[in-house]
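Chemist: When you line the sequence shown up against our numbering, it's residues 1 to 416, in that order.
Hints in this document: simulated from the structure, not taken from any laboratory.
Think of the CB as a built atom: it goes at the ideal place given N, C-alpha and C, for glycine as much as any other residue.
Hints may be right or wrong, so weigh each one.
[Claimed, not checked] Here are the simulated distance ranges between beta carbons:
1) 85 <-> 47: 23 to 33 angstroms
2) 324 <-> 137: 22 to 32 angstroms
3) 35 <-> 190: 40 to 50 angstroms
4) 362 <-> 392: 38 to 48 angstroms
5) 140 <-> 190: 30 to 40 angstroms
[To be verified] Listed below are the simulated EDC-like cross-link pairs for lysine to aspartate or glutamate, each with C-alpha atoms no more than 16 angstroms apart in a straight line:
6) 369 <-> 411
7) 206 <-> 112
8) 379 <-> 414
9) 136 <-> 398
10) 190 <-> 225
11) 2 <-> 355
12) 379 <-> 355
13) 190 <-> 153
14) 369 <-> 408
15) 136 <-> 153
16) 379 <-> 40
17) 2 <-> 225
18) 136 <-> 279
19) 206 <-> 153
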Amino acid sequence: MKLTEINFDGIIGPSHNYAGLSLGNIASASHGGQTSHPREAALQGLAKMRGNMARGLPQGFLLPLPRPNGVLSDALSLDETADPALRAAPWSASAMWTANAATVSPAPDTRDGRCHLTPANLITMLHRAQEWQDTKAQLDIAFGNAQHFAVHDAVPPAFGDEGAANHMRLCESHGEPGVEVFVYGRPGGKFPARQHEQASRAVARKHGLDPARALFVEQNPEAIEAGAFHNDVVAVANERVLFTHARAFADPQGAYGAMREAFPALELVEVPESAVSLEEAIRTYLFNAQLVTLPDGTMALIVPSECRESESVWRFCEEMTAGNGPIRQVIPVDVRQSMANGGGPACLRLRVVADPATVDARFLLDEAKAERIEAVIAKHWPESIEPAQLGTQALTQEVQTARNALLEALDLSELG
1 MKLTEINFDG
11 IIGPSHNYAG
21 LSLGNIASAS
31 HGGQTSHPRE
41 AALQGLAKMR
51 GNMARGLPQG
61 FLLPLPRPNG
71 VLSDALSLDE
81 TADPALRAAP
91 WSASAMWTAN
101 AATVSPAPDT
111 RDGRCHLTPA
121 NLITMLHRAQ
131 EWQDTKAQLD
141 IAFGNAQHFA
151 VHDAVPPAFG
161 DEGAANHMRL
171 CESHGEPGVE
181 VFVYGRPGGK
191 FPARQHEQAS
201 RAVARKHGLD
211 PARALFVEQN
221 PEAIEAGAFH
231 NDVVAVANER
241 VLFTHARAFA
251 DPQGAYGAMR
261 EAFPALELVE
271 VPESAVSLEE
281 AIRTYLFNAQ
291 LVTLPDGTMA
301 LIVPSECRES
311 ESVWRFCEEM
321 TAGNGPIRQV
331 IPVDVRQSMA
341 NGGGPACLRL
351 RVVADPATVD
361 ARFLLDEAKA
371 ERIEAVIAKH
381 WPESIEPAQL
391 GTQALTQEVQ
401 TARNALLEAL
411 DLSELG
């Protein structure tokens, strides 16, 4: 069995809209009420996936969830008298950010030698808390081979869990045993600390991790208050490399020391405040990037195109790649529609280390599937959505027809 890292991107759904529902997500809040462009958004996401395939990286996908969510609407007894934010929640396309779909522990790290996945309960935000059961339905199919995978229920809602966006893994190579780093926040600040320490610890126990190879690190409350609502907005790891802002963790030296003790081969690439301010790092999503190992063994950082437009960020990237460090390329991609709602390249993907032959092939991307997906998006995804359209019968029919067409094109009608 050949283990490799597969990135599963969320196909951006036909109800993609800017309702500004996510407290603490500055991009989402600042674009609330604007016109969204679901077709453009989905094509941007698909182009990113195709780019990674062209670089020789295995690529999978997860599908948009059923929207509008009638179960949530009924539970809230929604009508025209309800708060607009409540009325918008059942329409949210936020499941496209599959970094929040689950926490994943690869087989080399777990007691039973299977890859374990726990869907995130996402309880801090109503529009996200509705996702995990439908997400699990997809994970149950994609990773239904019980010899190789274990898919769990979410952590009980007493403790907020945001999935892989607050989880990193350090290893010599993806198929080797690793050290898993769980990053949590402490409540009490201006914005919610979405990841609870006890949720992280519960996931580690559920996955059967060796306690000596599972670390629990506190996120810097200043980073959360600046808009880093998930750790992956200020730090990302890949194999031996941790790429992080100097203000990502509450106790940076303590965090680095714990990582080095558990994983002596750690290569730290720290971006100082003097080079890129915390605020600029969050605005451009420099760290919400895909740090990947290319087939030739070198590493590339796939960043949003906003990084190329920032003088300080791009200067740092050029200096970094001109040196002799582990990150040899920085590749900008256009995901502006996702960025306007607070999700960069890293938000859009869930990393799963597995043998592709053990995954349901319907969830693995190739060029033929990409062409089918593109054709469905071009034909059925709304060109634009105004906030006033949410809740209308016309948009309901358009969104449901679009999703059903995609399910049919991918032979996944059981998710209808």
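Chemist: Would you mind marking each hint as holding or not holding in the structure?
Modeler: Hint by hint, here is what the structure shows:
no. : hint                            : result
1   : 85 <-> 47: 23 to 33 angstroms   : holds, 31 angstroms
2   : 324 <-> 137: 22 to 32 angstroms : violated, 47 angstroms
3   : 35 <-> 190: 40 to 50 angstroms  : violated, 29 angstroms
4   : 362 <-> 392: 38 to 48 angstroms : violated, 32 angstroms
5   : 140 <-> 190: 30 to 40 angstroms : holds, 38 angstroms
6   : 369 <-> 411                     : holds, 11 angstroms
7   : 206 <-> 112                     : holds, 11 angstroms
8   : 379 <-> 414                     : violated, 22 angstroms
9   : 136 <-> 398                     : violated, 25 angstroms
10  : 190 <-> 225                     : holds, 6 angstroms
11  : 2 <-> 355                       : holds, 5 angstroms
12  : 379 <-> 355                     : violated, 34 angstroms
13  : 190 <-> 153                     : violated, 30 angstroms
14  : 369 <-> 408                     : holds, 12 angstroms
15  : 136 <-> 153                     : holds, 8 angstroms
16  : 379 <-> 40                      : holds, 12 angstroms
17  : 2 <-> 225                       : violated, 42 angstroms
18  : 136 <-> 279                     : violated, 35 angstroms
19  : 206 <-> 153                     : holds, 10 angstroms
Violated hints, listed in ascending order, are 2, 3, 4, 8, 9, 12, 13, 17 and 18; each of the other numbered hints is respected by the structure.
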